[in-house]
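Chains as they are written, first to last, in the numbering used here: chain A, 1 to 278; chain B, 1 to 232.
If you're looking for bench data, these hints aren't it; they were derived computationally from the structure. Hints may be right or wrong, so weigh each one.
To be verified - Straight-line distance between alpha carbons at most 30 Å, and here's what the computed DSS-like set of lysine-lysine pairs gives: (1) B:Lys183 / A:Lys206; (2) A:Lys76 / B:Lys183; (3) A:Lys184 / A:Lys143.
Values in this document were obtained by computation on a predicted structure and should not be read as measured data.
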Amino acid sequence: MKAIRILFVMVVLSVLMSGCSGVQGTANDGKEIIQVAVSAEVNPPFLRNDENNEPTGYDIEYLKAVDERLPQYEFKYVWGEEESNLIGVGAGKFDMAINWFFSNPEREEKFLYPETPYGYSMTGLIVHKDTNNIESLDDMTDKELAPVSASGGLRSILNAYNEQNDPPIPLTTVDNPSNENNLKRVESGRSDAVFLNITTFEAIQKNLQLDLKVGGIVSKEPVYVVFQPDHEELAEEINHVTEELIEDGTLPELAEKWFGVNFFDDLEDISVEGFQYE
Amino acid sequence: MTFGLSDWINILGQVLDRLPLTLAMLVVSLIFAMLIGIVIAFIRIEKIPVLHQLATVYLSFTRSTPLIVQLFLVYFGIPQLLLTFGIDINHWSRFVFVVITFSLHTGAYLSEVFRSSYLSVGKEQLEAAYSVGMTYPQALRRILIPQAFRVALPNVGNHTIELLKDTALAFTIGIIDIMGQVKLILGNNYGVGMFQIYVAIAVVYWIICILIELVILWIERSQRKKHAGISN
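Generate the whole structure from the sequences, applying the supplied hints.
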């Protein structure tokens, strides 16, 4: 009986303490705390976790640079799955969310997008080394594309293509497609191409060394932070700082550091530099 | 990427690092779920007016909606609702929100477990207790609960295991439990080594479940000793 009582007290205390640890309110040394939802579907080099499970990557270093120039705010990073983060931004739980969000009409209706993207994501078709007839999405209408997720940025590019073009690209939808499996499908010839972010492919290729190459770059998608709809002032301020950071070379430098390529350059320049793997 | 022994140890190490958090969610939620279960079962057995109807609605709702929906309602909905009354609980730790959700969810199931096990003991036992002059609390403590407890135990074990697996949902709102750690590892590798990592996490869950089953078995055995009868 005594053991139960001690256990009970411990539980109550732990709940109270965990409840209190969060009580930082809005004002901490006079700064306004901005809750930034960070997607738990990490996607290096944009976003990953370090040994202590703290977020890091291009996204976070960008935000830290922004935070430095806005002394009135203090950014606080909160992990959460993307879907839940977006709900949270809509519900006012978070002030903004980051993880290479592409812009699409449905999202623009729900959230506040800044004008200036903080980076770009290059999407492309990954094909077998010996395939030479796939360079753009137009080449995919009679080919087999490896399975794609039902939502997300890559899917919205494909959906947009299929709405505007006839014949459409035949799509196989799965929940959480594995990039590794998809790439191996292409290598073994079961699929003709994978639609992927070039940086993602580059990093996997480092590990796996598959017989694959980039068939063609499809697009250079701007990526944005998304804001809670009524945070116009905050969005404006961060937008302004982002422009400054691009102009003074801070962000291009970060891009070089994390991606090895300055994606603020024009798409043509980057393509020529080449993402061709030996 | 080939998987050597050191990779396995590294992955297991990272996952086991989050184990205390998973167990904390499990234990704290379970304790509150039991309290909720007992209260709801009592209300439904005694058919207390108003409360009885409310409890029925709560049971029906909790058992008919997916847990993830409930988690979102508690994590995003309740703070929003309270905010309209001027109460701001958005800064509460996320641990509190998952414990509330899991307690309410499992509590609903446990209340039915408790209710059915109480009813399984039978009215004649209570009447027998009255006939030897016991009061209701006495009968409850000495006759009904010990017997109902034995009936309830296997089902409580079931729901504990169910709850353990449900805690994986906590990662949806960013609590990095053992499943969350697995997803982070996979994300950092772009899904490379998915199969090996899922094998590792499956083994971890399995072992915890076996331990839970052993605890239940042990309690069951120690109860049986007190119930020495002629036929068993």
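Check your understanding: Against the structure shown, which of the earlier numbered hints fail to hold, in ascending order?
Key -> none
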